[in-house]
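Make a model of the complete structure from these sequences and hints.
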Amino acid sequence: MQPPTIGFQNAPEQRDPVDLAIQGTIPPWLCGVLYRTGPGTYHIPTASDPSKAVNIQHWFDGLAMNHRFEIHPGGYRVSYRSRKATDAREEKISKLEKIPGGTFGQQPDICQTIFRKFFTEFEQTVVEKRGPLSSESVSGVNAGVTLTPEMPGWDKIISNLPTKIEHQHAGPQYIVAKTDVSRLQLIDPVSLEPLYAGEYESLDPRLDGELSASHSCEDKETNEFFNFSCKLGGRFPTYKVFKIKGDGTVDILAEVKDAPASYLHSLALTSKYVILIVWQAHFGKGGLDLAEKKNMVQAIEKWNPDIPSVFYVIDRKNGGIAAKYQSPPFFCFHQVNAFDDPNTDDVVIDMSVYDNITVLDTLYVDKLRDPTPETLFRLGRTRRFRLSSVTAPSEETREAIVEFTASEADAIELPTIHPAFNCKPYRYAYGINRNPSTLHTFADRIIRLDMENREGGNKTWGAPGYTTSEPIFVPRPGGDAEDDGVVLSVVLDVEKGR
1 MQPPTIGFQN APEQRDPVDL AIQGTIPPWL CGVLYRTGPG TYHIPTASDP SKAVNIQHWF
61 DGLAMNHRFE IHPGGYRVSY RSRKATDARE EKISKLEKIP GGTFGQQPDI CQTIFRKFFT
121 EFEQTVVEKR GPLSSESVSG VNAGVTLTPE MPGWDKIISN LPTKIEHQHA GPQYIVAKTD
181 VSRLQLIDPV SLEPLYAGEY ESLDPRLDGE LSASHSCEDK ETNEFFNFSC KLGGRFPTYK
241 VFKIKGDGTV DILAEVKDAP ASYLHSLALT SKYVILIVWQ AHFGKGGLDL AEKKNMVQAI
301 EKWNPDIPSV FYVIDRKNGG IAAKYQSPPF FCFHQVNAFD DPNTDDVVID MSVYDNITVL
361 DTLYVDKLRD PTPETLFRLG RTRRFRLSSV TAPSEETREA IVEFTASEAD AIELPTIHPA
421 FNCKPYRYAY GINRNPSTLH TFADRIIRLD MENREGGNKT WGAPGYTTSE PIFVPRPGGD
481 AEDDGVVLSV VLDVEKGR
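The sequence shown maps to residues 1 to 498 in my numbering.
None of these hints come from the bench; they were simulated from the model.
Wrong hints could be hidden among the right ones.
In silico DSS-like cross-links for lysine-lysine, where the CA-CA straight-line distance does not exceed 27 Å [claimed, not checked]:
1. 424 - 459
2. 245 - 231
3. 424 - 272
4. 324 - 257
5. 324 - 156
6. 220 - 272
7. 164 - 257
Taking CB as the label site, the calculated pair distances span [claimed, not checked]:
8. 404 - 479: 26 to 34 Å
9. 303 - 24: 40 to 48 Å
10. 161 - 399: 31 to 39 Å
11. 223 - 362: 50 to 58 Å
12. 76 - 497: 21 to 29 Å
13. 161 - 401: 44 to 52 Å
14. 108 - 156: 24 to 32 Å
15. 20 - 374: 32 to 40 Å
16. 77 - 221: 30 to 38 Å
17. 76 - 149: 33 to 41 Å
18. 223 - 341: 22 to 30 Å
19. 361 - 307: 13 to 21 Å
Glycine included, C-beta positions come from ideal geometry on N, C-alpha and C.
See the structure below:
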């Protein structure tokens, strides 16, 4: 096997921009800024003894680092810079010699486990409410899962910042970093400096839940942002599915009160509907296990093959639950795309699915660095669901139809599409994939799935010794074909360590 060990070690910052060497040719029309985020720190020396360290155990708990690639006009120059987003949190871990609060998968301290029954103070560890803005609170947030340029609803907060954000550059004027709890972090689009930390509740007091989806949905044509806010407590939590309009107005589209608290990394969007899909990653005790165990992975209940996944179809214009569907159980991280079938009253949803939740255990750092055949990370497979006759009156939970599930050879993760085809019928999807002949343990190539020709239309690009990341499709200006453009991916050269 070929584990990309270097990809799960501390990455150095590059706060000042540097020019990158260019091999090959960049199309002269391609210019702009590519932002990336993800774990950048796994090993934190302790303040009392730098020879000792706190080691991050789960990939999703790695401390965030943001990256900025600027492709300058003409295709002759590419500059790069990066910056950690969690300086205060890293310093706190170093001083405490442990990770404070809740985590995604960090194993608990054995002493705390043994003596926990003697503790009487309840700690809300999933989301700790912040006090007044300070440098510590700003970089004390680990929100390095997704970045949303110019997310609506931030005008008031930005206007009250001590320093104005004013940049003359090719990219957005601000960026918001998100994660799977309600925490948000405002990022300067040029320096990558963290500027503000808050919650969805900072945008609207009704969004007071502890959980949300890292992968929110956006409609660029209407300038609307969609997500959910999940408030824990009681037998069932309350999922508030909401949208933020371009003017910052927040609408609560629906409240779902009959679904279990679950780890939901994404949701789906069509031109008419937003779909909350509650797959099986249910937290114990209605979500209270999150506070008790301080660990999302350990708080998730044992897989039950008899519990279905449930689809809540919500009217994104008028609000309300339009229909409810269920399917045999599955787990999922990412949606591929969703759309309203123009010839029927159906909703079509494509997503990368797993047969169960064992994938979460394969993403521990020690297993990614040195996997065995049993612990090897396996990518999800694209599955198409059809939700038929959405507007037909029905009080019953209907069955979602599975139209197809792709083969393991065509497995895909971190899927993206041509941005103009979001929420619309489409043909091509791009994502990371693994070539089984190279024995790579993560992903070493980019795959393009052809949804209209699944047997012969798929393509892959890759080479041994490289680890690929989420591909971004950039359409050529003036191009008509759906695949007329370029694909950008940050690739790790495992041998050279860069």
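Against the structure, the hints come out as follows:
no. : hint                  : in the structure
1   : 424 - 459             : holds, 22 Å
2   : 245 - 231             : holds, 22 Å
3   : 424 - 272             : holds, 10 Å
4   : 324 - 257             : holds, 13 Å
5   : 324 - 156             : violated, 37 Å
6   : 220 - 272             : holds, 14 Å
7   : 164 - 257             : violated, 41 Å
8   : 404 - 479: 26 to 34 Å : holds, 28 Å
9   : 303 - 24: 40 to 48 Å  : holds, 46 Å
10  : 161 - 399: 31 to 39 Å : violated, 50 Å
11  : 223 - 362: 50 to 58 Å : violated, 38 Å
12  : 76 - 497: 21 to 29 Å  : holds, 27 Å
13  : 161 - 401: 44 to 52 Å : holds, 49 Å
14  : 108 - 156: 24 to 32 Å : violated, 39 Å
15  : 20 - 374: 32 to 40 Å  : holds, 39 Å
16  : 77 - 221: 30 to 38 Å  : holds, 32 Å
17  : 76 - 149: 33 to 41 Å  : violated, 25 Å
18  : 223 - 341: 22 to 30 Å : holds, 25 Å
19  : 361 - 307: 13 to 21 Å : holds, 19 Å
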